[in-house]
Amino acid sequence: MIDITTLIMTILSASTPLLFAALGELMAERAGVLNLGVEGMMITGALAGFAAAHATGNPLLGFVAAALAGAAISMIFGVLTQFLLTNQVATGLALTLFGLGLTALFGKPYEGVKAPSMAAGPLGLHWIIWLGLLMVPLSWWFLNRTRGGLILRGIGENHDAAHALGHKVRLVRLAAVAFGGAMAGIGGAYISIATVLQWTEGMTAGAGWIALALVVFSGWRAFGVMAGAWLFGGVTVMQLRLQAAGVNLPVQLLAMAPYLATIIALVVISARRRGSAAPGSLGRIFHTTN
Amino acid sequence: MWQLEPRSDSPLIWQFATPVLAVVATMLTGALLFGLMGYDPVAAIRTIFWDPLFGASASYSRPQLLVKAGPLILIACGLAVGFRAGIWNIGAEGQYIMGGITGAAVALAAYPAEGWWILPAMIVAGAFGGWVWGMIPAMLRNWFGASEILVSLMLVYVAEKVAAWMAFGPMRNPEGFGMPGSRNLAQYPSASNPELISGTGIHWGVVAAALAVIGVWILMSRHIRGLQIRAAGQAPRAARFAGVRPSALVAFCLGLSGALAGMAGLFEVAGPAGQITDSFGSGYGFTAIIVAFLGRLHPVGIVLGGLLMALTYIGGDIAQMILQLPFATVQVFQGMMLFYLLGFDLLTRYRIRRRVAA
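Line by line, the protein sequences give chains A and B. Here the first sequence is numbered in this note's numbering, starting from 72 and rising by one per residue. Here the second sequence is numbered in this note's numbering, starting from 657 and rising by one per residue.
There may be inaccurate statements among the hints.
What the hints assert, rightly or not - For the chain B half of the interface with chain A, some residues (derived, Cβ under 7 Å), not all of them:
1) A802
2) V807
3) L809
4) T985
5) Q987
6) V988
7) L998
8) G999
9) L1002
Said to hold, decoys possible - Pair ranges (Cβ atoms, derived):
10) B:L709 / A:G195: 54 to 64 Å
11) B:P776 / A:H358: 47 to 57 Å
12) B:Q890 / A:W198: 48 to 58 Å
Just so you know, these hints were derived from the structure itself, not from any lab. All residues carry an ideal CB built from backbone N, CA and C; glycine is no exception.
Isolated chain A (complex conformation) (with noise of 0.2 Å):
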C-alpha cells in the first residue's frame, strides 16, 4: 500500500523548482516579457546556491545567494532586450547558453561535494516548500489585487498605452525579469541543495523549459501554475517509482515521462485556448521615439 503523505511529501518536493521558476516567469510574461533563459538562470542559482551554502555551511544563506545570482544574471537579458532592443527568444536562449557554460566552467571545483543539511520545517517538509506555496497566493494578490500588479498587467497588456499613461514600461519589465530571475534562482537551487545535495553539470536537466511550458498551460495564472506544477511532479514522481518498482519498461523510456507529459500538456491547452490568455505584448519589442 502506498503511503499517502509521503506521496504527497514527495509530489510537493518534486513540483517546488517548477513551481519558483514558472511563477517568476508568470510575473515576466505578465509584463510583457518572454523570457526563455529560466534554465539558464535555474542552474546559475543551482551553483550559487550550493557554493555559498559550502562555503557559510548555512543552506538559507545558499537560497539567498541564489536568489541574487539568479537576478544578476538575469539583468543580462533585461538590459539586452530592454535597452539594446534585441529578439527576446534569441536573447532568453543566449542566456540559457551561456548560464550552462558558465556554471560548468565554475562549479568544476563542487563536484563531488556534499550539501551542509539542513533540519526540516513544518511537517517534515522543507522550508523552501513552505515558501513556494506561499509564493502562490502572494503573486496571486499582487497581480489582482493591488496597483503594481494592475501596471504591470497593463504594461504586458498594451505597452504603448501603459506609456501613453506615464507608466515606466521598461523600469517594470526590467523589474519582473529581475523577480523572474531570482525565483528561477531559488529554484535550481532547491534542486542542488535540497534534494540531489550535491552539484553536477547540467542538474536542471530541462526543468526550466518545463516551469515555460507550466506559465502556458496555467493560462498565466499564479494558482494554475501551481496546479501544473503538482500535476508534473506527480509525473517524475510515478516515474521514479515505477523505475524502482521495476516495472518490465527500459529506464530511459520512463524517463521520458516528465517531457512527454509536458507535450501532451501543451497541445490540449493550446487546442483549448489557442493562445487568447497571453498578454497582448507578450515578446513584443518595446521602442518609443519619445
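Start from chain A and add chain B according to the hints.
Chain B in isolation, oriented as in the chain A frame:
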C-alpha cells in the same frame, strides 16, 4: 541625452561590422575572464583563436576545422530558413540525435553486408529521421497551436533518452562485451563516412553542407518559397493576404531544418563519432543556433560563422591540453558571442542620435 531612431534600411557596412565587433568584444571579455581566473589572458586567447590555424600543430588541427564546421553549417542552414520566417526550431539537437539513430539503424540492419548502396540509404534514413522529429512540433503547432519552441525543445530531451535506450538496449554491440554503445560504424567500410581527400578533413557531411549552403542561397534569393518565407517573417498579415499559407510554411521550415539536422547526425555517427552512445548529442544543434545568428541568417555568413565556432571548439581542445583551461570556456565564449552580436545588432536597425534640447 541620446535617442534611437529606427532605420528604414540596414546599412551593409553595419551588417558586416557587427559580427566582427561581437567577436572582438568576446575576445576582450574572455581575456578579462581568463585574467581573473589566473591564466595568462594573451596566451589563452592566442591558443583558442590563433594556434589552431597557424600554431605549431596547425597541420593536425586545420583539417579538424571542416570536420567540426560541417555539421554546424548543415544544421544552421536549415535553422536560418525558419528563423527568417519567424518559426523557431530550437530542437535541432533532438533532430540531429534522431537522424543519427535512424541512419545508424540502416547500417546495423545491413551489417555485415557490403554494398555501395548502404551509405546513401543511411543518408536518406538520417534525413528522414530528422524530418519526422521536426514534423512533430510542426504538426502540433498547425493542428493545435502548440508552441514549436517548447515542443521542439522537449523533444531534445526525449531524443536523448531514446539514444540512451538504443545504446543500452536494441542497438548495443553484441560483440561489445556488455559495454553500452552500438557497433563502430567507422570500422564498417560500406557504412563509414571517411575523409575524402586525406589531410583536409572533408567528408561527405562537409560536401552535404556545401550543397545545403548553395541550396538555401538559391531558395532564399531565387525561389518563390524563399520570397514567401521572407514576407512571412517581415509582415505576417500582409503575407497571408498575399496567399501565403502559414501552416505550409511551418511544415516546410521545420521539415527542412529537421532533415538537414538529421543528416548532420548521420554523417557524425558514420564518421567522427562512429557509434550511438548515450551521450551522442554533442550540442551541435544548440551551437548551430549561434552560427545561424552570427551568419545573419544568410548562407554565406553561416559558412563564416560555422568556421568561427569550429575554431573555438578546436582552440578550446588545445587550450584544455596545453593550459589546462576547462573545456566549458568554449561554451561560455559561444554564449557571450551571441549576447554581443544581438546587442550590437542595434546599430544595424537603429540610428543613434543626440536629442536636441527643446
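Of all the hints given earlier, name the ones this structure violates by number, lowest first.
-> Nothing - there is no hint that the structure violates, so all of them hold.
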